[in-house]
Amino acid sequence: MDSPQTRKAGLNLPTGMSETSLRLESFSGSFRAISNLSSPSKSSTCSDRFIPCRSSSRLHTFGLNDKASPVKEGGNEAYARLLKSELFGSDFGSFSPAGGGGGVPSPLSPSKNMLRFKTDHSAPNSPYSPSILRNDSGFSNESLTPPKPPRKVPKTPHKVLDAPSLQDDFYLNLVDWSSQNVLAVGLGTCVYLWSASNSKVTKLCDLGPNDGVCSVQWTKEGSYLSIGTNLGRVQVWDGTQCKRVRTMGGHQTRTGVLAWNSRILASGSRDRNILQHDLRVSNDCISKLVGHKSEVCGLKWSNDDRELASGGNDNQLLVWNQHSQQPALRLTEHTAAVKAIAWSPHQSGLLVSGGGTADRCIRFWNTTNGHQLNSIDTGSQVCNLAWSKNVNEIVSTHGYSQNQIMVWKYPSMGKVATLTGHSMRVLYLAMSPDGQTIVTGAGDETLRFWNVFPSVKTHTPVKDTGLWSLGRTQIR
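Numbering-wise, the sequence shown is residues 1 to 476 according to UniProt numbering.
Misleading hints may appear alongside valid ones.
What the hints assert, rightly or not - In silico DSBU-like cross-links for lysine-lysine, where the CA-CA straight-line distance does not exceed 35 Å: (1) K203 with K389; (2) K389 with K293; (3) K389 with K415; (4) K155 with K200; (5) K200 with K243; (6) K203 with K220.
Simulated from the structure, these hints should not be mistaken for laboratory data.
Quick caveat: nothing in here was measured; it's all calculated off a predicted structure.
Turn these sequences into a full structure, and let the hints steer you where they fit.
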């Protein structure tokens, strides 16, 4: 331990040396230190010099570069720091620039300085401390660490089904995927069921030559399928037994869209009305919602079953609640038909809608206050929207003029992927029960299956199995 006199003088001397043994003599204007040390004993040794370890002594705190170059002011600061880092070690390269005050030590050297000639303004010892480039030259940490590669989405469908007589009609909804992994498709006057587990195709029904299929929708449990017909009827079928359970009337013309919540089936028609049906009562409908001035082509219940969003060919998006038969919100910013509607499964009261050819926009709404949160011009007709339940992303399908499928990251609305393959507008969209695969249908009479979203657990793309071969088969 140093004596009080040594600490007072502010000198750090090697072991065995005292202040009295050190004298200064002048020779020609210079000073020389002469040590009158006696010969060391065999029991104790000392060296004539002390050289600290460079890697642990933070040379930058000795102020070796306090003056900026008068010739190159600010021109090569980053280069100078990197050069010093290479010459003197990584600790030396982490000091602040000239005129910037005290040094900023490297977080990788936790040892204290043995000689401290100026205040060391150290940041918390953390591996996440800002880098020298971020503090001084405007660069960020991203320039030193490689960016995370974007998630890869396969650009081609892993399965294609031929779907003869799949109608090219923007106002119809002819494809739906059940929670029991069965795909329902309306083709002409018939409805077919395709099992994704074994690729088995079953013909559910044929409406006959005087009628046609305009919409299909599974219940949440996936046991029953509702069918909207060209004559304005709504049929309910048992998908397991392929047996019709009930037929309900009420609409004057075709029923182009259906939507189930836990117990209520809503149907939208070209007659501009929305009917609500309850299978537990004998009446065909329990209420009628009147608000649209043209055909109703979009219907979606919120995830809590409390609100119903409807879109029409009158360019309006209406939001209905359980307590009134008048719309709670009337949103009129779209300038074309609103078919594409989706509720966010991640945030309550967040609704997204898409407009037709004259609008081309995806718009986001806060249904609590009716405010529009964002609007994105996609460049082509928006036919469908679906929100991923695994990640906070959205998939949209488009018609005129690009016929593409797009995956967006919310809320930044950065494009994750753009998929092409359909030769006509992509009018139909459904999502698999695991949320990883989507199926799209178009007027080119094909159904295409795409792996677009990661799984909930692994957040990696779905791997193809033997059932998802690249072969092209026919659904009927």
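**Item:** Unsatisfied constraints (hint numbers, rising)
**Value:** Every hint satisfied by this model.
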